[in-house]
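These two chains come separately, so use the hints to put the complex back together.
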Amino acid sequence: MPVEDVPVPKDPADSLAAVVALRLLADRLEDAAVEQAMRAGWSWPDVAEALGITRQAVHKKHAKRLIAAGVALRRRQ
Amino acid sequence: MSAIDHYINAIMEWGAAEAREDGSAATEAHHLLLAMAADEGTAAHRVLAAAGLGRQAIRDALDREFEHSLSAVGVSVASFDLPKPAPAPEPPKFGASARLAIERGYAAATGKKDLRPAHLLLGVLDTEIGTVPRALALAGLDRVDLMARAREALAGNSW
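Each protein sequence line maps, in turn, to chains A and B.
The numbering of the first sequence is my numbering, which starts it at 1 and goes up by one.
The numbering of the second sequence is my numbering, which starts it at 1 and goes up by one.
Excised from the complex, chain B in its bound form (with noise of 0.2 Å):
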C-alpha cells in the first residue's frame, strides 16, 4: 500500500473512532476533519494547526453548530440531562457526507500519483453546505483561506 492509502486508511479508522464517541450513526465529513487534525506530520495537520484548529478546538466548534442548529427550531441540547450512553460495538457506516469528502479530494489532485493529505483536506472544505463550513463559520474561521493555505503547501509539494 502507498503512503497515501495508509493516510485514508488512517483517517476512516479515526474518523470512525470519532463518530462512534459522540453517538453517530455513520462517519461523516467533520469526523475526518477531526481525524485530519490528530494526524500529525501532515500538510493537512500543519494548515489546521496554524489556524488555531487542533483536534479539540474543531469539537468545540462541532459541539457549537450542533448546539446553534438545535436553537434553530427551540431545541435546548442543555435540558437533557441523560447519561452519556455506552459507545456501539460495530463500527459506523461511512456517511454520504464522508463520501463527498473522500471524492472532492481525489478530484482536487492530478491523479492517485499526486494525491496527499491536503488534498484530502481541500476535500473536506470544499463545500458551503452543511456541518464542516457551518461550524467553521460559527467558530469565525474564514473556509476559503484556509483552502488557499492547503493549495499553497501543495503548490509546495509538502506531504
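Next comes chain A alone, as it looks inside the complex (with noise of 0.2 Å):
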C-alpha cells in the first residue's frame, strides 16, 4: 500500500506488539530466504553479503537447520 496510507498505531500497545510481530516475520522470512538461497546453490559468503552480516553470523545462525533439513550446502571456498 502507498506510504501515505499505512495507518500509525494511536495505542503504544499496538505499536509496540507491531514491533514483536515484525521481528517474528523477520526471523521467519530469513530462516525461509537463506533456505531458499542456499537450495538455489548460493555461497554462505553471497548470502552473508547480501543479508549485511558475517559468513560467520549466517553460519552458525542457519548451517545446523538446513544440514538437519538435507539442504545440499556448497563448500565454502
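In short, the hints are calculated from the structure, not lab data.
Any given hint could be a false lead.
Result set (DSS-like, lysine-lysine): computed pairs, CA atoms no more than 27 Å apart in a straight line [unchecked claim]: (1) K93(B) x K60(A); (2) K112(B) x K93(B); (3) K61(A) x K93(B); (4) K60(A) x K84(B).
The following residues of chain A were derived to be distant from chain B, with all beta-carbon distances above 10 Å [said to hold, decoys possible]: (5) A17; (6) V34; (7) A48; (8) L51; (9) G52; (10) R55; (11) H59; (12) R65; (13) L66.
Model, not experiment: these values are computed from the prediction.
All C-beta atoms, glycine included, are put in the ideal place defined by N, C-alpha and C.
Following this line, the structure appears as C-alpha cells:
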C-alpha cells in the first residue's frame, strides 16, 4: 500500500506489539530466504553479503538447521 | 521429582516444541499456554477447555493477533509467500515472557507444596500486556473471568 496510507497505531500497546510481530516475521523470512538461497546453490559468503552480516554469523545461525533439513550446501571456498 | 516439577518440565518442553514449530527464536508465554491446553488431566486444561480454548483455538487466536499487530503498521502477512522453513534443530531459548509467567505462577501459590497447574495458568494470564492478553481479547475471551475460574478450581483443591 502507498506509504501515506500506512496507519500509525494510536495505542503504544499496538505499536509495541507490531515490533514483536515484525521481529517474528523477519526471523521467519530470514529462515525461509536463506534456505531458498542455499537450495538454489548460493554460497555462504554471498548470502552473508546479501544480509549484511558476517559469513560466520549466517553459518552459525543457519548451517545446523539446513544440514538437518538435508539441504546440499556448497563448500566454503 | 514431584508431580508439579514433572508438569513444569512437560509444559516447558512442549512449549519449546511449539516455539520451534512457529519459527520463534524463544519459548514465550503463549507457547506455554498452548502446552497447557494440550496437556489433559489438569484444572488448567479444564478451565481452558470450558472456555473453548483447545490447542488449535489458541493457535488460531495467536495467528489472528499476529496478523492484527502487523496490520497496525500496514504489513500483510499474506503478501509473503515463501515456503515454510525447516525448523531449527536446537531447542529455542527460554524467553522473558515465559520466565515472567512462571514467576507469576509461583507467586500465585502459597509455597511450592501448594503449586499446581492452575497457578501456572494464572501466571500466564495475569498480565494486561503482551501477546496472550491481546490474543484472548481478539478472540472475544474474558481474561479476568478465565482467571476467576482458575482460582475457583484451585479453591476446590483440584490438581
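Consistency of the hints with the structure:
no.	hint	in the structure
1	K93(B) x K60(A)	holds (16 Å)
2	K112(B) x K93(B)	holds (25 Å)
3	K61(A) x K93(B)	holds (14 Å)
4	K60(A) x K84(B)	holds (20 Å)
5	A17	violated (4 Å)
6	V34	violated (8 Å)
7	A48	holds (17 Å)
8	L51	holds (14 Å)
9	G52	holds (19 Å)
10	R55	holds (19 Å)
11	H59	holds (14 Å)
12	R65	violated (5 Å)
13	L66	violated (7 Å)
Hint violations for this structure: numbers 5, 6, 12, 13, all remaining hints satisfied.
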